[in-house]
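Enquirer: Heads up: the sequence lines are chains A and B, in that order.
No gaps in the numbering here: position 540 of the first sequence is 540 in my numbering, and each next residue is one more.
No gaps in the numbering here: position 117 of the second sequence is 117 in my numbering, and each next residue is one more.
Since the hints were made in silico from the structure, they are not lab data.
Some hints here could point you the wrong way.
As a list, the in silico DSS-like pairs of lysine-lysine whose alpha-carbon atoms are at most 30 Å apart [claimed, not checked]:
#: 1; chain 1: A; residue 1: LYS62; chain 2: A; residue 2: LYS341
#: 2; chain 1: B; residue 1: LYS2; chain 2: A; residue 2: LYS266
#: 3; chain 1: A; residue 1: LYS266; chain 2: A; residue 2: LYS388
#: 4; chain 1: A; residue 1: LYS58; chain 2: A; residue 2: LYS509
#: 5; chain 1: A; residue 1: LYS341; chain 2: B; residue 2: LYS2
#: 6; chain 1: A; residue 1: LYS509; chain 2: A; residue 2: LYS34
Residues from chain A that face chain B, not an exhaustive set, calculated with beta carbons under 10 Å [claimed, not checked]:
#: 7; residue: GLU343
#: 8; residue: CYS432
#: 9; residue: VAL434
Ideal placement from N, C-alpha and C gives every residue a C-beta, glycine not left out.
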Amino acid sequence: MSEIALTPTPNPPGVEQAVALGLTRDEYALVTEKMGREPNEVELAMFSLLWSEHCSYKHSKKLLRTLPTVGPRVVMGPGENAGAVDIGDGWTIAFKVESHNHPSAVEPFQGAATGVGGILRDIFAIGARPIAVLDSLRFGEPDSERTRYLLDRAVAGIGHYGNSVGVANIGGEVYFEAPYETNCLVNAMALGLARRDDMIRSAAAGLGNVVILFGASTGRDGIGGASVLASAELGDEDESKRPTVQVGDPFAENKLIRCSLELLEKGLLVSLQDLGAAGLTSSASEMASAGAVGIDLDVGKVPLREADMAPFEIMVSESQERMLCVATPERVAEVLAVCAKWEVHGTAIGEVTDTRTMRILRDGEIVGEVPVEALVDDCPLYDLAPEKPSAPLYPAPRATIAADLPVRDTLLALLASPNVASRRPLFEQYDCLVGGRTARRPEESDAAVLAMPTGGAIGVSIDGSGRRVAIDPYHGTIEVVLECAANLACVGAEPLGLTNCLNFGNPEKPHIAWQLTESIRGLGDACRALGVPVVGGNVSLYNEGADGPIYPTPVIGMVGDIPDPLGGSPSGFVREGDAVGFAGWNTMPSLHGSELAKLRGEALPDALPETDVAHVTTVLAAIREAVRAGDLSSCHDVAEGGWLVAMAEACILGGLGADLGSESSVALTDEILFGEQPGGFIVSGSAETLARLGEKIPLDVFGTVGGDALVLGGDSWSLDELREAHGALAPLFP
Amino acid sequence: MKFGVVQFPGSCDDEDALHACARVGDAELLWHGERDLRGVDVVVVPGGFSYGDYLRVGAIARFSPLMEAVIEFAEGGGPTLGICNGFQVLCEAGLLPGALLPNAGVRFLCRQVDCEVVNTDTPFTRGLKREEILSMPVKHTTGRYYAPAEELAVMEQHGQVVLRYAGANPNGSSNDIAGVSNRDGNVFGLMPHLEHAVDPIHHSEDGLKLLVSAAGMVTGV
Chain A
1 MSEIALTPTP
11 NPPGVEQAVA
21 LGLTRDEYAL
31 VTEKMGREPN
41 EVELAMFSLL
51 WSEHCSYKHS
61 KKLLRTLPTV
71 GPRVVMGPGE
81 NAGAVDIGDG
91 WTIAFKVESH
101 NHPSAVEPFQ
111 GAATGVGGIL
121 RDIFAIGARP
131 IAVLDSLRFG
141 EPDSERTRYL
151 LDRAVAGIGH
161 YGNSVGVANI
171 GGEVYFEAPY
181 ETNCLVNAMA
191 LGLARRDDMI
201 RSAAAGLGNV
211 VILFGASTGR
221 DGIGGASVLA
231 SAELGDEDES
241 KRPTVQVGDP
251 FAENKLIRCS
261 LELLEKGLLV
271 SLQDLGAAGL
281 TSSASEMASA
291 GAVGIDLDVG
301 KVPLREADMA
311 PFEIMVSESQ
321 ERMLCVATPE
331 RVAEVLAVCA
341 KWEVHGTAIG
351 EVTDTRTMRI
361 LRDGEIVGEV
371 PVEALVDDCP
381 LYDLAPEKPS
391 APLYPAPRAT
401 IAADLPVRDT
411 LLALLASPNV
421 ASRRPLFEQY
431 DCLVGGRTAR
441 RPEESDAAVL
451 AMPTGGAIGV
461 SIDGSGRRVA
471 IDPYHGTIEV
481 VLECAANLAC
491 VGAEPLGLTN
501 CLNFGNPEKP
511 HIAWQLTESI
521 RGLGDACRAL
531 GVPVVGGNVS
541 LYNEGADGPI
551 YPTPVIGMVG
561 DIPDPLGGSP
571 SGFVREGDAV
581 GFAGWNTMPS
591 LHGSELAKLR
601 GEALPDALPE
611 TDVAHVTTVL
621 AAIREAVRAG
631 DLSSCHDVAE
641 GGWLVAMAEA
651 CILGGLGADL
661 GSESSVALTD
671 EILFGEQPGG
681 FIVSGSAETL
691 ARLGEKIPLD
701 VFGTVGGDAL
711 VLGGDSWSLD
721 ELREAHGALA
731 PLFP
Chain B
1 MKFGVVQFPG
11 SCDDEDALHA
21 CARVGDAELL
31 WHGERDLRGV
41 DVVVVPGGFS
51 YGDYLRVGAI
61 ARFSPLMEAV
71 IEFAEGGGPT
81 LGICNGFQVL
91 CEAGLLPGAL
101 LPNAGVRFLC
111 RQVDCEVVNT
121 DTPFTRGLKR
131 EEILSMPVKH
141 TTGRYYAPAE
151 ELAVMEQHGQ
161 VVLRYAGANP
171 NGSSNDIAGV
181 SNRDGNVFGL
191 MPHLEHAVDP
201 IHHSEDGLKL
211 LVSAAGMVTG
221 V
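Pulled out of the complex, with its shape left as it was, chain A reads as follows (with noise of 0.2 Å):
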């Protein structure tokens, strides 16, 4: 990289085009001040991206710095590409969630398919083997035609790309609301298995050290991703930002993962970083700020799509399916020679330097040059300034049943509602069992469960909530914290750390700051009262639509430690004759913000009940070891539609019926049946089991599995009426 010339720069873009990139004014003077000039168009349209909020969390960053991050098993924390736990024997599992919103409600098939691809890319890019994939969606009433349409292509696009890349998916969650009819939400969560020795940085290091791009060829697409469509809200010129999303080819990642894999285990490598939201932007210049050194980049050497892309274009282009990687001199042959082997086209397109600077090159002119602690370190950090709202942000949802319907018909339209029904029609389209490690699949049991090469395994839910957290940040993010390791704790898993996604309107307005604030305060107490750390996350900003906000909604996902992978319950009954009982709650619960109050249109009231995390965590701890010491036959966590519906699911997903007794010494009001909290399992087992996890926690013994038919009171359901009313998303994917 000698002979270079410094060409000044005619011509600045000026303020008005940085404000149309998403900068403020200020940001703007902030930006010429830290250049000591204004910046041309190659520097713009990388301060443009690094400094959106996509990529410099600046409304978020404070807060994040509130939630606990160290724990005795977390080997790499947030700041990484992914977060990674100890798991024994020097294995490690890493793991992240992340958002592709608003890609995926512009065009669905490609933004969801695509939102796989990059989380997979976090997971290798430490050099971890992808093993899982996860999802968390959602979006409107699906009697909405767009709905459906949203709902089917994302669907497609991720079954698309997991299946193809060959990473199971192993579960997920779905849920309808109003609120998502214009911005739809998906989340996407990937796993990854590594050496602890094995794992890989991304900072750049070594003065001299040869920077190679490898994977796809750069095109057009995705220019202005993270800036234009992931930093503002969506609008009514959304078709117009098409061209801002990218295209995925599965294929290709295949080929990356391995290629990627190969160079991490044959040594070639000092460090690795994929090319996500920003592309060789923030890439390159988050490996040289994270190593302290500078970069310079010829991008006359990236390979095109199209010939005659302007430097800015291949600077900010997010085409999928590429990494960057740095090697000492020697190596670069033998790199090469890898990426030959996978058809992934390496192509050495710089070197480290010891300037600090990200100088930008085309045939040896520089035709941007910018600090590299300017871009990344410099962007402004904002104080949010919350404030909570005087009156309902969100109206009542729309009535689908009547408010005096009976228990026999209130149980069926809640297992019929979208939000309870079987998942199967949505999960049968996904690969959950490439890998060979799958030994609780979805709808199996409340987690997945993936055997390690320890000899042990892992259990793995996603979680989030919206409605409960739109009526009460604090407490609603609270119960999806809690929500999810009781996932966990139904196959005997203790939680080792979570990553979140969080996904809320626009923070530079009042309530949304309130929804913000309000919910990472409860997830930092969450995390702190389980003992779980948070190893990585992402923010999700600016998901509102022409109707508004959409539900704050905080995407939890957690992995926790398995000693026997064949030892967690089934959610299911499974045993005829063995004793049911429901166990954990100590107080009752209420219908404030359940399913059930949905479905009857109430409006959503300003508070949930105060849930006692002290006495949740004693229940999970003790629902863990009775089911790792193999007491119970099945365990079912209480969710949306309470206790009944849980009862349901059980017998639905054991395909065996229960009697409850049709005599009742309580009195069965909608609150006992329908009502939902924290910290409520449906268990079964022998009756001197249960009794003895009875000498615990609350748990009622009042039934015995058999049968074909749900009995309780004077009421009985059959198994094939329950399985069709579960079935109602069936209909959607003809």
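For this one, chain A is given, so just place chain B on it according to the hints.
Expert: Here is chain B on its own, set in the frame of chain A:
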């Protein structure tokens, strides 16, 4: 004895097939760009999306250098197994009759299914019993077996229908066909992923029986 598992770019279940084979005998991967089968006794063409399958499934893979060697091996009587995408590749290569079409439901489908053993006179089923039920998962978009009626009749007559879906037919295959062989019986393709039914965590180890059969034929057990 030794299994060789073909590895195309875009293969997904290659390593799972390798691990399944390694429970029964020696096993190694065979790279698509080479022509040497390294003296393996049984060739396995695994599942996945060979070369991305952006054209008709399996249509490009069958032209790979390694497939020339596989075709020669199979035509010489060598036991050759195609699983899912591998089944599609063997049909494209003309080693097996018929073709795989998009599922009746058009979507990708991942589901545990029961298969009935119809013919035990092949290297892969010789250790099984007729009408024995094997539980294995299917996962595919393009798994609907099709052959013209006259050809199906001939295949049925010659015992080339080796496995049939028992119970619900997941993809609309003709005659509920899950797996077929060539006339000589040494080339066998099936849609169910036997490599995902080889361990207690898979809830079924029935897939192993097919591999054990093939290994036994090689070693004379």
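Enquirer: Need the status of pair A/LYS62, A/LYS341: alpha-carbon distance at most 30 Å?
Expert: violated, 45 Å
Enquirer: Check whether the Cα positions of A/LYS341 and B/LYS2 lie no farther apart than 30 Å.
Expert: Satisfied, since the Cα-Cα distance of roughly 25 Å is no more than 30 Å.
Enquirer: Could you grab the alpha-carbon distance between A/LYS58 and A/LYS509 and see if it respects the 30 Å cut-off?
Expert: Answer holds: A/LYS58 to A/LYS509 is near 15 Å, not above 30 Å.
Enquirer: Given the hinted pair A/LYS509 and A/LYS34, is their Cα-Cα distance within 30 Å?
Expert: holds, 29 Å
Enquirer: Given A/VAL434 was flagged as interface, is its beta-carbon under 10 Å from a beta-carbon of chain B?
Expert: Result: holds, 5 Å to nearest chain B Cβ.
Enquirer: Have a go at the A/GLU343 hint: is there a Cβ in chain B nearer than 10 Å to its own Cβ?
Expert: Because about 7 Å separates A/GLU343 from the closest Cβ in chain B, which is inside the 10 Å limit, the hint holds.
Enquirer: Close enough to count: is the Cβ of A/CYS432 nearer than 10 Å to one in chain B?
Expert: The hint holds - A/CYS432 has a Cβ within 10 Å of chain B, the shortest such distance being about 6 Å.
Enquirer: Taken at face value, is the distance from the CA of A/LYS266 to the CA of B/LYS2 at most 30 Å?
Expert: Status holds; Cα separation ~27 Å.
Enquirer: Going straight from one Cα to the other, do A/LYS266 and A/LYS388 come out at no more than 30 Å?
Expert: At roughly 55 Å apart (the allowed maximum being 30 Å), A/LYS388 and A/LYS266 break the hint.
Checked against the numbered hints above, the structure violates hints 1 and 3; every other hint is satisfied.
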